[in-house]
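Protein sequences appear in the order of chains A and B. Numbering-wise, our numbering puts 144 at position 144 of the first sequence, and it's gapless, one number per residue. Residues are numbered in our numbering as their position in the second sequence, beginning at 1, plus a constant of 1000.
For the record, the hints were derived by calculation from the structure and aren't laboratory data. Please note: incorrect hints may appear among the correct ones.
Which bits of chain A does chain B cover? Going by a derived footprint, with three or more residues having C-beta under 8 angstroms, they are [said to hold, decoys possible]:
id : region
1  : 22 to 33
2  : 120 to 128
3  : 158 to 164
Over the 10 angstroms line for every Cβ pair with chain A, so calculated as not near, a few chain B residues [what the hints assert, rightly or not]:
id : residue
4  : Gly1167
5  : Asp1254
6  : Ile1264
Even for Gly, the Cβ is constructed at its ideal location relative to N, Cα and C.
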Amino acid sequence: MNQDLDSRILNYGECFAMKFTKQGKAIYHLQATTGYVVPGTENSFSINVRKSSSKKGDEKQHTVTIKREGAKLYAEPENLEIDKNDVVLWHADNPEVHNFVISGDSGQIQFDSSRMEQYSVYTHAFGLEGEYHWQDAYGSKIGGVIKVKSPRCLDKKSQTKWLRSLDKQNLITISGNKVEPAELQIVTGQTVMWAIEKSKGISITDSRLLTSKECGAENPRKKPIKKRKK
Amino acid sequence: MSDILAAADENAATKMVHAGQTSLGTVSASDSGSLGPFNASWGASASFSGGTVALREPDIIRIANCTLNYNLNFNFSFDLSDIIPDFCLPRICIRIPFIGRVCTPRICIDWPTVNIPINYSDSLQFSSDFRLRANLVGSEWIIDIEIVDIPLLQISPAAAAILAAIGVAAAAILVAIPFIGPFLAIAALGITAAIGIAGVTGLLGPILALFVSGLTFTIHKLDRQFEILPNTSAIDPQVAIFVDALSATVQSSDEDELILEADISA
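Let the sequences and hints guide you as you build the complete structure.
As structure tokens, this is what we get:
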């Protein structure tokens, strides 16, 4: 099981979620690498965002499972009908499904799990002890530290205590250059959720995975993604 | 009476045995066997050195404290799920002010199959009787000594050391497996407990026995045909001699001696 902390390429144990705030039909693709795919090609899936029928605060979450058939990735369900302001969460259902990117276009906005923008969420379950200094691989100045410790469970009681601690809520919010909190202490097996309120396209990447060039690189996509004209 | 008779006392016989050990060099073998509940594939090499020789009638060379130097490498693999229980990370729900409630799915951890390689070198001493044997092989007479019985090998200290090495190696390999941290100590203990000293002995004993079973040192070689100069006159031509029969025995007179007797013909 891949344990790299890197939202640019998702793996089992990680999720990408997005809140859809505009009506319209979004077409998205599942890829094994980063990079935008022109909509309309094969292996595309859809999300039809309707006018909201629910009250504010009643927004729903829809979960899409990423599966693999041979070398091909596919989403289940392939097509979703959701209300405006609902959240869609993508995840892999087994460790054999690794290295995937979700990228799509709703006609009004583009979205890409490898470059997260407004109303995106990335989650990562930490399986290995250590100190994880994360940053944005695209060069913004955001970053933080996750300190992961492993308790030593030598008996059933301590195992149970540890297992009960795994549903702890660990949330980091990002709004522009503001990261809250910048440091978190968790135990092995806990999940951290990054929620992005405002962003021009960022990643959550372990600094150790970045070359020095990447660390100092300017964001190659300097401008925010423009809305497509109809 | 034999045509040629050569005698070696215990000191000379000791040198012959040590030369035979050197000549044997390093022997190796590989196979697979049981390591407690696991199946292990192994490769091993061994060499012999030292020991003191005592000669016993009629044809026994007793070697005391012969050193068996060995190197053993083996690896075994197992499904970690057999040692520690699979478990699932729970579903986590967080209400995010600007997004709403987001819930992660339950993520189940199926422990992988783990391969643990071990390399271990050690030596042990044993004493055993060897029987003298003379054989004509091709154009050479070979004097061998062949072990009579499989000696008792004290492998308990080695087994304990190997078991400890398995524990250390297992911990080093397991530590890199995601989510195992809290189970690490239990998993390493579980592996060594499942194997136990008996498991290591069950693997090591037959491997070392393989090297000593039928152990043979060649202590002397003699060409069947060789040339000698008669001692009657300096101008007489050299004569080709054939060794027709050769025997090796131990005889006791005022001291124990290794006796080689040869019948020759021209």
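Measuring Cβ to Cβ, find out whether Ile1264/B lies farther than 10 angstroms from everything in chain A.
-> Given that every Cβ of chain A is farther than 10 angstroms from that of Ile1264/B, nearest at about 77 angstroms, it holds.
Asp1254/B remote from chain A - nearest C-beta pair above 10 angstroms | holds, 70 angstroms
Okay, the region 158 to 164 of chain A and chain B, do three or more residues pass the C-beta test at under 8 angstroms?
-> holds (count 4)
Count the residues of the region 120 to 128 of chain A whose CB lies closer than 8 angstroms to any CB of chain B, then report whether that count reaches three.
-> holds (count 5)
Do three or more residues of the region 22 to 33 of chain A come closer than 8 angstroms to chain B, measuring C-beta to C-beta?
-> Violated, because only 0 residues of the region 22 to 33 of chain A bring their Cβ atoms closer than 8 angstroms to Cβ atoms of chain B.
With 10 angstroms as the threshold, tell me whether Gly1167/B passes as away from chain A on beta-carbon distances.
-> holds, 15 angstroms
Checked against the numbered hints above, the structure breaks only hint 1 and satisfies the rest.
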